[in-house]
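> Construct the complete structure from the given sequences, taking the supplied hints into account.
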Amino acid sequence: MKANGKRGKSRQGFVTIYMVFTMLTLIPVAGLAIDFSVLYCVKGRLQQACDAGAVGAGSMVQRSTDVTDPVQNALLKDAVLRFFNANMTPVPWSATQTNYSSSITQDPVTKVRTIYVTATYSVPMMFMRVLRINTSTVAAQATAKIRFVNLMIVVDRSGSVQRTGSPATVVKDLQGFVADVSTSIFVDGRDVVGLLSYGSNYNLDFAPVANFQTATPNISTAINNIFFDTSNSTNTGEGLYQAWYQLAQLNQTGALNAILLITDGRPSAVTGTFDASTAPHCTDKSNKLGAINSPVGDGNPWQFPPPASRGTNGVLNVTPACSSAGCEPKTFVTNSAGCSYFVNQNGALFSQDISTIPALIGPVDHTTGLHVPSQTTFSSTTGYFSGGGTSTNSATAVRYAAFNYADNVATAIRKDNVYKPVIYAIGLNFNTAAYPKEEPLDADWLARVANDPSYKNSVTGLPVFQAGQTTGRYYDVTYNGLAAALHDITSQILRLSQN
2 MKANGKRGKS RQGFVTIYMV FTMLTLIPVA GLAIDFSVLY CVKGRLQQAC DAGAVGAGSM
62 VQRSTDVTDP VQNALLKDAV LRFFNANMTP VPWSATQTNY SSSITQDPVT KVRTIYVTAT
122 YSVPMMFMRV LRINTSTVAA QATAKIRFVN LMIVVDRSGS VQRTGSPATV VKDLQGFVAD
182 VSTSIFVDGR DVVGLLSYGS NYNLDFAPVA NFQTATPNIS TAINNIFFDT SNSTNTGEGL
242 YQAWYQLAQL NQTGALNAIL LITDGRPSAV TGTFDASTAP HCTDKSNKLG AINSPVGDGN
302 PWQFPPPASR GTNGVLNVTP ACSSAGCEPK TFVTNSAGCS YFVNQNGALF SQDISTIPAL
362 IGPVDHTTGL HVPSQTTFSS TTGYFSGGGT STNSATAVRY AAFNYADNVA TAIRKDNVYK
422 PVIYAIGLNF NTAAYPKEEP LDADWLARVA NDPSYKNSVT GLPVFQAGQT TGRYYDVTYN
482 GLAAALHDIT SQILRLSQN
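Read the sequence shown against our numbering and you will find it ends at 500, with the numbers running on by one and no gaps.
No false leads were slipped in.
Calculated pairs, PhoX-like style, for lysine-lysine (alpha carbon to alpha carbon, straight line, at most 25 angstroms): (1) Lys457 x Lys416; (2) Lys421 x Lys146; (3) Lys416 x Lys112; (4) Lys78 x Lys146; (5) Lys421 x Lys112; (6) Lys146 x Lys112; (7) Lys331 x Lys286; (8) Lys78 x Lys44; (9) Lys416 x Lys146; (10) Lys112 x Lys78; (11) Lys421 x Lys457; (12) Lys146 x Lys44; (13) Lys438 x Lys331.
Quick list of the computed label-pair ranges, beta carbon to beta carbon: (14) Ala169 x Tyr41: 56 to 66 angstroms; (15) Ser287 x Thr378: 15 to 25 angstroms; (16) Asn135 x Gly469: 51 to 61 angstroms; (17) Ala140 x Ser459: 45 to 55 angstroms.
Derived from the structure by calculation, the hints contain no laboratory data. Note that CB positions come from ideal geometry on N, CA and C, so glycine has one too.
Take a look at the structure:
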């Protein structure tokens, strides 16, 4: 029994020694885990503060006219610091700042502005002091790059806007969006803004410039002078292409390039080069470079595809827009000598001389030279519709070609990997019960034009989004909702410009 007692005491002593050595190992490990948790907490908070400083001051840096000016630069860096402090106060775990710096610079070539924030904090240790590690250091940094904006505004001035909508609302809301210094995010002297409108033809109402608010005339004047008229058709493809061309001419790959399309209807006009070599009446048999259309407001009720009785019209000048009431149907291309439509001043007769819609359609100007878009011709028979034929005497063929022109231009824009334009499309809905003869817009198609990732086709339920192409946004609103849509686009542009 005594021997057994000695062995029991021996075992107890071993356990005690084992526990002592185990504690000597476990306590530092546990302390290390706790102190690392503290460091992780401070690091996370510090990173959040750096991110807040870089991103939070982004809108101020975006709106600054000259970040290289010492006074402006100092004010902007102070804004960065205020955002940083707001997110770092109170400082966790009694950490103390050992270093903080920020910089705001602008690339002289791309004009991309960069906000850089870095900070370091010393964090007191609790358990690691037993190993004579009294403090540890954590650091964080954040960078925000801010692109300036190149924006082309494309306004549908077709007859339906005048007949069923409110041109005054479009003008007023565009003024607040881009022309009014107190409400616009776009910075005169830094961002570049232009304006283009379209009916059957297009007009560059305001060439894109940086001093869009202070130029003479300025963009405010151009918005006020948009020529809305009840006889204008809807050449959406031409409007989109010419806006794309203007962005390409700027040749600024570092910018956020964007196209804002405002429309109330479906394409009804198409641009192309029409062969008149066998035209029986034309004495000038050279190609007619212009636009043809089919009216949309003479149904009872509206019909699409249009009935066989629906007329067609052409061949019209592509630019500039005419400026008197009812003039668009008779602004024929200048080389129309002898052609029935020209002699009789009746565009509906053009199919007597021009019988076929060419397989390839597209703009007749701005197709050569430096910095033109990557694609200048587009299919008339494939894209959004097929099976409409190619007869110029067929309203369905003309309308399908008009849709395909616009759809194929939009696709080419979204596939542009050089300038990467973003398309924002706003569809203006009118009261269809009050205007039963007028075609409503095609929201599914406009969402496709913008490549809106959140929109699903109303018939199939499938997304309209096309992977691998630049993502945009579609807004389906009434005229009363235009201002809200523009406000949201403001937010979208601010977010994208700060990526």
